[in-house]
Amino acid sequence: MFFPISGAHISPIYLALVGFLIGILGGFFGVGGSFIAGPALRAVGLDWNFAVGTDLAHIVGKSVVAAKRHRALGNVDLKLGLIMAIGTIGGAEVGAQLIQLLKRAGNVNLVVSVVSIAIYVSISSFMIWESRKTLSSAKGRRQKGKQDHSEFGHVARAIQRMNIWPMITLPVSGVTISLWVILVVAFVGGLFSGFLGGGAGYIRMPSMVYVLGIPTHLAVGTDLFEIIISASYGTFSHAVKGNVDILIALVMNTGAAVGAQIGAISTQYFAGPKIRLAFVPLPLIGAAIVIYTLVIGHKL
Amino acid sequence: MRFEAKNLERMKKETAKTLRAFLIELVVYAVLVVAYFFLVLHFLGGWLHHLETRHRYSYATVAILLIIGQAVLLESVTTFLLRMLRGRSE
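Top to bottom, those sequences are chains G and X.
Per our numbering, residue 31 is the first one in the first sequence, and the count goes up by one each step.
Per our numbering, residue 44 is the first one in the second sequence, and the count goes up by one each step.
Quick caveat, the hints were computed from the structure, so don't treat them as lab data.
Check each hint, because a few of them may be wrong.
Below, in silico cross-link-like pairs of lysine-lysine (DSSO-like), each with a Cα-Cα straight-line distance of 30 Å or less [unchecked claim]:
| no. | chain 1 | residue 1 | chain 2 | residue 2 |
| --- | --- | --- | --- | --- |
| 1 | G | K133 | G | K271 |
| 2 | G | K304 | X | K56 |
| 3 | X | K49 | X | K60 |
| 4 | G | K163 | G | K304 |
| 5 | X | K60 | G | K304 |
| 6 | G | K304 | X | K55 |
| 7 | G | K109 | G | K304 |
To be clear about the criterion: a stretch of chain X counts as covered by chain G if any three or more of its residues have a C-beta under 8 Å from a C-beta of chain G, and this derived list gives those stretches [what the hints assert, rightly or not]:
| no. | segment |
| --- | --- |
| 8 | 77-85 |
| 9 | 88-95 |
| 10 | 98-106 |
| 11 | 109-119 |
Quick partial rundown of chain G residues pointing at chain X, CB under 8 Å, derived from the structure [said to hold, decoys possible]:
| no. | residue |
| --- | --- |
| 12 | P34 |
| 13 | P42 |
| 14 | G91 |
| 15 | V95 |
| 16 | K98 |
| 17 | S262 |
| 18 | T265 |
| 19 | A269 |
| 20 | A279 |
| 21 | V288 |
| 22 | Q291 |
Glycine residues also receive a C-beta, built at the ideal position from the N, C-alpha and C atoms.
Only chain X is shown next, with the shape it has when bound in the complex:
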């Protein structure tokens, strides 16, 4: 009985730690994403619009490269953030 209660308590603590790490990750991630929005939309918006109206095949190629590149980058960032924050909270 006491063993089960201890186990439950430990699980609760671990869940709280994971949740805290996740929330911190979300805040850090949100700040990075907002900065990224302004950079990408400001610098790439006009150029991509021009490419889309004038060079469709180049636009299609760049579009796929951008979305895959961003996905790989974001996956690395979120994995890194999660690992770092979990490592710190443990």
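Okay, chain G solo, but in the shape it has when bound:
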């Protein structure tokens, strides 16, 4: 099928299947899935700039479906999501500026690659350690369904006790915390999103659990809601620059709509630590892709 905006010939079945796969991952883990969508679009000959922009547009659609389903399941904290969106957009702008600075210095690829590998591996290592420790504890073994306990929970509780004005109460998440802590967490996620590309859900979802102390199911749903806002902003920005083929994103979204629902419903059958343990391979896949692009010398 010919897509006139990007001038690419791509099978719609392939696009729908890629969307379906990313939809499942997004619905279950609350991530955008750009580490798969980007290379998948590049693999069928779409230019890099179109792959990045179109992927963002597709993320918006997939996140709407998954967030709607999570909201029906009571997994979305709208107040937290709206506050985080402000920090994320600010962070994404700073991250994009940082990339421009590195571009001028001439070593952007190496710096971004090394930083991203270090971050991906650190997140995976920490999460595998924490979730295994939690699951092997007596309290962790007894958890079923949406129950959530973390052996690292004392750190989040200590952060929640930091009395820095203004304190925000989040009734849905059952947390009272300083507004600044939420903004810093969102800003850091946005910074990596602007710096490394994609939605940076692999950083934001674990940060919400371990730093803010949000239960895993709520972190997944709220992250998806937050992604709708920040990815819409990114899509608009890329579309103005001529980097979005919306027809490709619309086709991908037909598969993602089913996948996202399956992913979101599946979270109901897993306790928090099990979702966190299953999350571990995602950042590692991201690291493997970056290492591969470093070895072959060009982006996938």
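Following the hints, complete the assembly by docking chain X onto the known chain G.
Chain X in isolation, oriented as in the chain G frame:
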């Protein structure tokens, strides 16, 4: 022992029902999506291409509205299909 076996049998039947409903949903959904592909790409393709080359800000706004609108529509369709098929199979 007999109670557990009965429970297992009931669970197997329920899983089979859900799977059947899901497969039917996928087939109905695929037919709808194929029709939709032709409609959208045929009618909107040229217009969107024109908008993208001439009016970037309008294109960016329309792009976001389209992707969100389609997502809301597809979510409603899949939820409706699943509810209808499950309701029929139970």
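Right, here's what the structure says about each hint:
1. Restraint check: the Cα-Cα separation between K133/G and K271/G comes to about 18 Å, which is no more than 30 Å; the hinted pair holds.
2. In summary, the hint linking K304/G to K56/X is supported, as the alpha carbons are separated by about 27 Å, within the 30 Å threshold.
3. For the suggested pair K49/X and K60/X, the alpha carbons sit about 17 Å apart, so the restraint of at most 30 Å is met.
4. For the suggested pair K163/G and K304/G, the alpha carbons sit about 11 Å apart, so the restraint of at most 30 Å is met.
5. At most 30 Å may separate the alpha-carbon atoms for a hinted pair to count; K60/X and K304/G meet this at roughly 27 Å.
6. About 24 Å separates the Cα atoms of K304/G and K55/X, which keeps this hinted pair within 30 Å; it holds.
7. Taken as a hint, the K109/G and K304/G pair is honoured in the structure, with Cα atoms around 26 Å apart against an allowance of 30 Å.
8. Counting residues of the segment 77-85 of chain X whose C-beta sits closer than 8 Å to any C-beta of chain G gives 4, which meets the bar of three, so the coverage hint holds.
9. Coverage of the segment 88-95 of chain X by chain G holds. Counting CB-CB distances below 8 Å, 5 residues qualify, and the rule asks for three or more.
10. For the segment 98-106 of chain X, the assignment as covered by chain G holds, since 7 residues bring a beta-carbon within under 8 Å of that chain's beta-carbons and 3 suffice.
11. Taking a C-beta to C-beta cut-off of 8 Å, the segment 109-119 of chain X contributes 8 residues in contact with chain G, enough for the three needed, and the coverage statement holds.
12. Contact between P34/G and chain X, as hinted, is supported at the beta carbon level, the nearest pair being about 4 Å apart and thus within 8 Å.
13. This hint holds: P42/G has a C-beta 6 Å from the nearest C-beta of chain X, less than the 8 Å allowed.
14. The interface hint given for G91/G holds, since its Cβ lies 4 Å from the closest Cβ of chain X, which is under the 8 Å cut-off.
15. Here the hint on V95/G is kept, as its CB sits about 5 Å from the closest CB of chain X, short of 8 Å.
16. Checking K98/G against chain X: minimum C-beta separation of about 5 Å stays under 8 Å; hint holds.
17. Among the interface hints, the one on S262/G holds; its C-beta lies about 5 Å from the nearest C-beta in chain X, closer than the 8 Å criterion.
18. Interface restraint check: T265/G against chain X, minimum CB-CB distance 6 Å, threshold 8 Å, status holds.
19. Checking A269/G against chain X by beta carbon gives a least distance of about 4 Å; that is within 8 Å, so the hint holds.
20. Hint status for A279/G: holds, given a least beta-carbon distance of 6 Å to chain X, under 8 Å.
21. Annotation: interface hint on V288/G holds; nearest CB of chain X at approximately 6 Å, less than 8 Å.
22. At its closest, the beta carbon of Q291/G sits 6 Å from a beta carbon of chain X; the interface hint therefore holds under the 8 Å criterion.
In the structure shown, no violation is registered for any of the earlier numbered hints.
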